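K.L.:
Chains as they are written, first to last, in the working numbering: chain A, 1 to 252; chain B, 253 to 873.
One or more hints might be untrue.
Quick list of the computed label-pair ranges, beta carbon to beta carbon [said to hold, decoys possible]:
{"#": "1", "chain 1": "B", "residue 1": "ALA830", "chain 2": "A", "residue 2": "ILE147", "range": "47 to 57 Å"}
{"#": "2", "chain 1": "A", "residue 1": "HIS216", "chain 2": "B", "residue 2": "THR548", "range": "30 to 40 Å"}
{"#": "3", "chain 1": "A", "residue 1": "GLU226", "chain 2": "B", "residue 2": "SER728", "range": "19 to 29 Å"}
If you're looking for bench data, these hints aren't it; they were derived computationally from the structure.
Just so you know, these numbers come straight off a predicted model, no measurement behind them.
Every residue gets a Cβ at the ideal spot worked out from N, C-alpha and C, and that includes glycine.
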Amino acid sequence: MRILAPLALAAVFGAGFAVSAFAVETPFARGVQLYEKGQYKSAAQEFEKFLDAETVSAAGLYNLGNCYFKLGQKGKAVWAYEKALLLNPRDEDLRWNLELLRKQLPDRQDAPPSGLGLHAWVTKKTSRLRTDEIAWAFSGIVGVFTILVLAAAAAPGARPFVWRILFAVVLAAGAAGAVAWARWDDIRYPAAVVTDREVYVRYGPSKDATRAFLLHEGSKVDILKESAGWFSVRFGGKDKGWIERETVRRIR
Amino acid sequence: MGMLLFAAAAPVLADIGIETSINPSRGTVGEPLTLSIVVNGSSSVKPPRLPNFANFRSYSQGHSQEISFVNGKMSARTVFSYVLIPTTAGKHVLGQLELDIDGRPYKTGMLEVDVEDVGAANSSFSTATAPRSAYPSPVVPPAPRSLPPDYMGGKDIFVRTWVDKDDVFVNEPVYLTYTVYTRVSATFRGFDKEPVTTGFWVEEFPPQADVNRQEKEISGYRYVVADVRTVALFPTEAGVHTLDPGVLKADIEIREQDDFDSFFSTDIFGRRRFRPSSVVTRVVPKLLATDPIVITARPLPDTGKPADFRGAVGRYTIEASVDRTEVEEGEPITVKLRLAGEGDLNTAELPKLPEMDYFKSYDSSSSTNTRKERLVVEGEKIQETVLVPKKSGVFTIPSVSFSYFDPRKKQYQTAKTAPLIVSIKAGREEPATAPIAVGPQVPPQDVPLIGEDIRFVKTVSDPLVHEEEPLLSRRSYWVANAALPAAALLIFLIRLLVQLIRRDVSGLRVRRSHRVARSRLAAARKNLKKGAETAFYEALSKALYGYFADKFDWGPGEADMNLVEKRLIGRLSDDEFARLRDIAHRIHLGRFARSEGTLDEMKGLYASSDQLITTLESKKL
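The following block holds chain B by itself, in its conformation from the complex:
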C-alpha cells in the first residue's frame, strides 16, 4: 500500500526551514547542554559537520527523521542533536553550522549561551537537578557527563560509569559513579561481576534513601537516568591503572504485541503502533557492561615534603586532650590524639608522643570511625596513650604534628596539637611506724606495670559440662516459676473461701437452732402421744443437746452438760442452771435407766424442756 502511494503520486514538498536551539540556554561549567538543529521540508539532509566550538567539548547524539503525508502533501522533519559541555564560564557565541540539504548548502543561525561557574551556579540551580537525599549536599562537584555517539541509537538500557577525575595523586580519592539509562521499566539487581579494583583501596557509599532519577531526552528517546552506586577509590601506588568496572544486572520489562493484531497495528510506513489492549509484558534479565576506566595516579611530589610525612592524603585536623590535668604521682593519665578530616583514615598514621623523662608511657590503643553520609569519605581516628608520671611538678606534654598532602591545594600541610600542661602532686607520705627491715630501707610504693601479657594457662581442669540453653530462655523454667506460686495462691484462696463458707454455715445453724429444736420437741410430743417412751426421751435429748450444738457450732455428739455449763457461765442464773441440770438428768434417766416414768412425769418433762429452750432463746446465746 505504501509502495503504491509512492508510485502513484508525486509528492509536493514544503519549503525548507531550519531551526536551531540550545537547551538550557543558561548552563554551568561541566554540565551538558543539548544543541538541536531541526530541518523541516526535506528528507534529504546530510548531518552537519560540527566545528570545534571554543570553550566547549561536543559530541553528536545522532538524529531522527519523521515523514508524513497530509492531503497529498509530504512533509519531512529531521532533528540533529548534539551535546555541548562548557569548559569555561562566560557569555559564549556558537558559530554557524553548515548543512547540505537536497545537495545545496545551508547555514544555521548563531546562538548565544550564558555559562556560569560551578560555585555561583550551585546556589541558583533548581533542586530538581541536585541529588535528592536526606543528607546535606555532596561535597564533591558532579562529574561532567557526556555520552559518546556509540551509546546512542535507541538502546533500551545501558550503563555508564563516571569518575570525578581521572588524574589524581596516590591516595587521593576518585569517586566512581554508575549511572543507568533506561527507557523501559527496569529493576537494578546489583552486580553480576564485581569491579576489579586492583591497586585501589575501596570505600563503598551506602545506598541513598531516595535514588536520584532524572528524565533526559537522548536521540529523540526519553530516558530515565539514575545513579545506582558510588564508590571512592584510593590508588595505593603510582602509575596508570585500568579499572574494570564490572558488569551490572537488571530485570527489564519487554512489552510485546500479540501476533493477531500485528497486521492492523502497522501504519503505511511499516511502523508498529502498540494498542494497549493487546500488549503482553515479560521480564527478562539483562547484563550491562561498561568500558574500562583509566586512572592515572601520580606520585606525591618530593618538593616540600615534611620529614614527618607518612603518606596521608586529604584534609585533616588534629587535636590532643588529656583526661585529667591534676593527678598524684604514680596515677595514670590518658592522652587522647584525635585526627579528623577527609581522606583514607585507615592508612593515616597518627604520630607517637615523644619520649618524656617525667612520664612513663605504655602501649596505646587506636580506633577509627569512618563516615560517608556526605558522599565523601571522612571521619576520625583516635589514639589513646596511658602515661604514668614519675615525679611531682608541672609538666608539659609537647605538641605533636601531623603532615599530609592536600590534593586540592597540591601542597603539603602540617597540623599541630596544642601542648598540654599537667600538674603532678607528690604522692602520700610514708607511715610513721615503718617496719624494721634488714638492709637498706625501700619505701613501699605501688608496683608499676612495665609490660602486659596474657596470664598463664590453667594447670588444673574443671569438670566438663554439657552446653545447654540458659534457664531464662527455657519455657519450662518460666512455667514452673509461674505455676508454683500460682498454685500456692490458689490454695490460699480456697482455704480462705472455705473458712468464709464455714463461718456462714455456723451462722446458719445458729439462726435455725430454735426452729430445729422446736421441730424436735414436736417429734418428742408425737412420741409421747403414741406412748413410745424410748423414742420420746431420744427426741427430747436431741432437741436439748442439738439446740446447744447448733448454737455453739459443735459437731454431732460433741455436746455434753459439762461443756454446756462452761459455755453458759454468767449467762444463766443459778435457778436456771438448776432447772437445766434437772431436765438433763431426767432425760438421761429416761434414756438409760431401767425404770419407766409415768405419763404425767413425761408430760411435765416435755413442758419444762419447752420452757427452758424458750428461756435460752430469749438469752440470745
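This is chain A alone, in the form it adopts within the complex:
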C-alpha cells in the first residue's frame, strides 16, 4: 500500500503530463494569448489563420474585430463585427463593441427613412434573429400547415377542428412572412464595409467619372451590382454611386 500510493500519484501526474504534451494549441488559443499580451498584430494573424476562406466562427470574427480595433483599422474591425453579427446577432459583447466603434466613425449612417413604418418596426424587433432562424421558423409553420391539411384529408370528421387551428397557423405564417420580407433587402443586396481610409464614390464605374461623395473607412454600403471591378453601391439608403472593389470588403 505504501508503494501503491506514490505509484498512483505518479501515474496521475504522468498521465496529465502526457495529455498536455499531446494537446494541440489552436490558432484561436494562440490568438487569445497574444491579445492578452497586447500583441494585436500577431493575434490578428492567428485569428485570420483560424478563419480560413470557407469556414467562419462568430467568436473568431469577434476576436479578429477586436484586434483590428486595437490596431486602429476601423474599417476591417467593422467588417469583422458585422460578419460575426450575421452568425450571432444576440451576442451582447459584439453589439456593444460594434456600437462603440460606430460612434467613432466619421460618416454618420442614419437608418434610412422607410416608406412604411411597419418595415422599420419589424426590422428592429427581429434584429436579434438570424436570417436562417427566420427561415426555419417559416418552414416549421408551413410544415404544421401541411400536416393539418393532410389530417383534414384523412379524417373528414376532424375537419371543423382542423380548420380552426389552420386559421391560427395561417396567421403565424403571415407573421413569419412579414419578417422575411423585412429582411429581404439585406438578402437581396449584400453589404460591404469600406476598408480604405478614404474613398471617392463616383457617378460611373471609372476613375474618369466625376466624384459624387467621399466615404471613410468603416462606412457600410449595400452592393447593388458589380461591373468590371466596380460595385454600384448605396449608402445610407439613398446616396448611390460606384466604388472600386478593392476598397471594400464584402460582409456576405
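Following the hints, put chain B in place on chain A, whose structure we already have.
P.N.:
Using the frame of chain A, we list chain B on its own:
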C-alpha cells in the same frame, strides 16, 4: 482659272465704307461685349491699333476677310472683332479707332455703351444666358470670361478654365470651371489627366442635369460653349499656387470630302465647298490641354483675430439644443451643436462645451453633411455630447462661440449659441427596508459610466461553420416550402373529390337497385323455365340480396339477413318481416339443401320474391 481672271481684268473696287457696332449694346460688369469693325470696299486693311478704353479690358479676336466678284466688279469685306469687358457700371463712350486702308488713315465712329452692375443686371438678364438647372440660381457670380487672341484662329475645339477669383485667403474657396468651345460635333469624355491640386482641398460639384450650352461667334466662327466641370478649391496654405488643370479628352466628328468630288467642289479661290451627298464622317479622339492657373492664397490677417478662432473661413451660424429639458438625477441628456453655412465644413472645428461642475460629460460624436446643389459648398456639422447631471436643481448650459473669417467682409466674425436651461429633479428615494451592511452605509445608485472601451475577446471558440447563402435566398428553399403544402392541398382535394364521387355512386346504385333486381328476377324466371334449379335459386338470391346491397351501399357479399333486418326495423310490418324471412329461408334451402323443390314451389317462391321486392320498393328504403 482664278489666276487668269486676275491677269485679264482690272477689278473695279467699290467705295470705302466703315461700320462699327457693339453687341450687346447693354452690358454687365464682367460680361464680355463684342466690338465689330466692318470695312467694305478694300482688301488692303491693316488691323487698327486698339486704344486703352477706360472702364474696359479688351482683347482682339482676330479678323476675317471676304472678296467676291460680281459682274466684273470686286467687292471686299473685312471684319475686325474685339472683346470688351466692362469693369465699372455706367454709361461709357468708346473713342474712335484709327484704321489704315489702302495706305490712307481712316477713323471709326464713337459708340455708346450702357453697363449695369451685377446685382441690378441679374434681375433683367434673360434666362438664355443664365445657367439652366433644376436647382436655384448659383450663389457665386459668373466669372469674367475673355478669350485671348491665341485661342482664336479657327480652332475646331479647345478648352478654357476660369476661376471666379485668383486672389483669396487661405481656406476661402476658388471656383474653377472648365469650359469647352467647339465648332464641331463633340462628346466630352472626362479627363485624360486629372488636375494636380496640391495645396488645395477639393470639393467636386455633381454634373448638372442639363448642361448649359450657348452659341457664340468668335472670329467669324460659330462655337458651342459649354461648362463641363466645376470644382471648388480651398487653399490649405498661404502662398502662390500654380494649378495644373489637367487634360480633357473628347471625341470629335470630322466630316471629310470624297476625293472624287474635290475638283468640282472648290471655287475659283480654292475654297472647298462641301456637298452633303459626298461627306464622310469619322470620330477621332482629341486631348484638350489648357494653361496653368496661378492662385494667390493670402494668410488670414492677425488683426482682430478672436482667441477662439480655429481656421474656419466662410459664413456660418451655430445653434445649440438639448433633447430633454427636464430629467432626473443620473439620467443622461444629449446636447446638440449644429454649425451650418458655406465653407469647408470638413475642417471646421466645433467648440467643446465648457467643463460644468453639475454635469459629467462624455465623449461626443460628430457628423458632417455637405451639400452642393447651389453650386456652392455648404452644409452642416453636428456634434452631440452626452451629459449626466450630478445633482438636482436648475442649471444653465452656457453658450458657446464659434469664430470664423468672412472673406466677403474681410473680417472675423463670432457666432454664439443661446444658453440652455435644464431642470434636474431629485432621484428616487431609498427603500424603507435597506439591507443591513457592515461598515458605512452606501446608498445604492446606478453605476455611472466613466469610460468606454471594447469588451474583451472570447476565450472559448465556437464551432467553425461553412459560409453559405442564406436559406431565404435559395430557390430550393422556396420550392420546398411551396411544394409540400401544395401537395397536401392536392391530396386533400383528391380525397374530397373521391368522396363526392363515391356518394354519387352510392346514389346511382340506389336509383338502379329496382331495375337491377328486376333483371335478376327475369334471369331467375328464365332458369325456372329451363328447369335449371340451382341457377334459379342463385339468381333469386342475387336478386334479393343484391337489391338490399344496392339500397344500402354494401359491398358484394356483405348483405345477410341479420344486417337486413337491422336496417329494416321500423320500416316493415311484422307480417312483411315474416314474409321476408320465409322467402330468404326457402332460397337458402333451395341453394344449399339436398332436397329439391317442386316446380310449383319454385314458381310460388318466384312470385313471392317479386311481390316482396315491389313492396320494398314502395317503401322507398
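K.L.:
Now tell me if each hint is right for this structure.
P.N.:
Checked hints:
Distance hint for ALA830 of chain B and ILE147 of chain A: a CB-CB separation of about 55 Å, consistent with the stated range 47 to 57 Å. As the Cβ distance of HIS216 of chain A to THR548 of chain B is approximately 32 Å, the hint placing it in 30 to 40 Å holds. Hint check: GLU226 of chain A to SER728 of chain B, Cβ distance near 24 Å, so the stated range 19 to 29 Å holds.
Every hint, counting from the list given before, is met by this structure.
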